[in-house]
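Peer 1: Going down the list, the sequences are from chains W and D.
Per the numbering used here, the first sequence starts with residue 1, numbered consecutively.
Per the numbering used here, the second sequence starts with residue 1001, numbered consecutively.
These are computed hints drawn from the structure, not numbers from a lab.
What you are looking at is a predicted structure, and each value in this text was computed from that prediction instead of being measured.
The beta carbon of each residue, even a glycine, is placed where N, CA and C say it ideally should be.
It cannot be assumed that every hint is accurate.
Computed beta-carbon distance windows for the label pairs [stated by the list, open to error]: (1) D:1098 to W:224: 36 to 42 Å; (2) W:218 to D:1096: 19 to 25 Å; (3) D:1123 to W:135: 55 to 61 Å; (4) D:1005 to W:52: 45 to 51 Å; (5) W:109 to D:1130: 25 to 31 Å.
Sample of chain D residues facing chain W (criterion: CB under 7 Å; computed from the structure) [to be verified]: (6) 1054; (7) 1096; (8) 1140.
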Amino acid sequence: MPKLKLGLYWAAACGGCEIALVELREKILDLDAAAEILFWPVALDYKYHDVEQMPDRHLDVCLFNGAIRNSENEHIAHLLRQKSKVLVAFGSCAHTGGIPGLANLYSRAAIFERAYLTPPALDNADHLLPQTTYRLAEGDVTIPQLYNTVKTLAQIEDVDYFVPGCPPQPPQIWNVIEAILGGSLPAKGSVVGANDKTVCDECQHARQEKRIKKFYRPHQIIPDSAACLFDQGILCAGPATRGGCGALCPKVDMPCRGCYGAPAHVADQGAALLSAAASVADASTEDEAARIIGEIVDPVGTFYRFGLPASLLHRAKT
Amino acid sequence: MENGFEPRIVGFLCNWCTYTAADTAGVNRMKMPPNVDVIRVMCSGRIDPEFVLKAFALGADGVIVSGCHPPGDCHYSNGNFKTFRRMPLLEMLLAQYGIEKARFHWGWISGAEAPKWTQLVHDFTEQVRALGPLAWQRELASKED
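Generate coordinates for the entire structure from the input sequences, incorporating the hints supplied.
Peer 2: Okay, structure coming up:
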């Protein structure tokens, strides 16, 4: 049997998805036995030029991690779509925008100002901002254009499958690889390597009826390890997040942060979490509700931590 | 642009109170601007915040959520409690998205308060008209690159 031709790419992301692949540990040898890796910039010395030389649909599968945040990300996404039979949005950033997607609360101008003009430790007397081209005696040098809006892979290209997670959990990655090798992938457009039900479904903490008098951020409370974190007033994204991770964060008394995205049949993860959080505020008057709810800090950052670009509104009007 | 701009407003009204008020206003031929598209739901507690976000995403310039007066008017005893817990948080969320506070109204109008409904439709329509179009998709497109 010919080896599976595999490509891997890293766009706007932290690199954790690459680490998650290495976390396959000894199974990475099985992967190597079954697949030939033709493109993996972070680990192997292939250039964009090598991909451009490939015939169309040469790669059997491309695992693409990272959001689309600049012109290079977008260019390579289009190129890899052209060269791949199956394009997989791998990890939260490619799937729903991920942490880089929170940049959609700001404009590019505001981000540049914060990064290059106003930091107290920066001396930029000439108020220089990054330019996409710079003229040298030897010729023009260029860097990619940073986009004003961060996008998911599916917002710019046709995606076959989605593997959620920040990062996707290694046993789930292996399940997906086995499905690919065995030719048992579900219908196009499916989320694979995860469950349909929520994180709560696989969480071991005991749930009671929720009546929250005060919401806490994780650093403000030492939780009871046996009881549901949400019941204790810690905003946990479990009720609005797709399971499949094994409830890793709640297992160590940290609330779910929502990285696996919305469960099946939920269009907007943040709205679902907002609804869940607000409904359990134990308030029987409007004033009391406003007080309890008003203590929630940064609703967008909390409810859409990994998915602002995939939300119904995509970004803030700035 | 402002010339001839007619705001498109989506109103999510509970069946038992505000929808009844709106119905009464209609039956009694009370005059009000035709800018509010009413969506009847069984209870204001049924209004998922997602509905409001979707309305804005699909082109609404303003959104109204209205149900039965708390504490006692709710047909289902405490559905409106869910509303007054969710809507302040939704307001905070919309503010972070940069959607002006004046584009979203939530409150209570009983079945007997038809004049209050027509007044709200008048005032809210003018308030949104003054802000101009929200045009979310155009807004997104203008921030594309």
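Peer 1: Hints first: check each against the structure and report whether it holds.
Peer 2: Outcome of the hint check:
1. Between residue 1098 (chain D) and residue 224 (chain W) the beta carbons are some 39 Å apart, a value that agrees with the proposed interval 36 to 42 Å.
2. For the pair residue 218 (chain W) and residue 1096 (chain D), the beta carbons lie near 21 Å from each other, so the given range of 19 to 25 Å is met.
3. Between residue 1123 (chain D) and residue 135 (chain W) the Cβ separation comes to about 58 Å, which falls inside the hinted range of 55 to 61 Å.
4. Residue 1005 (chain D) and residue 52 (chain W) have their C-beta atoms about 49 Å apart, which keeps the hinted 45 to 51 Å range intact.
5. The supplied range of 25 to 31 Å is met by residue 109 (chain W) and residue 1130 (chain D), whose beta-carbon atoms lie about 27 Å from each other.
6. Proximity of residue 1054 (chain D) to chain W holds as hinted, the smallest CB-CB distance being about 6 Å (cut-off 7 Å).
7. For residue 1096 (chain D), the shortest C-beta to C-beta distance to chain W is roughly 4 Å, which falls under 7 Å, so the interface hint holds.
8. Hint status for residue 1140 (chain D) relative to chain W: holds, with the closest Cβ pair at about 6 Å, below 7 Å.
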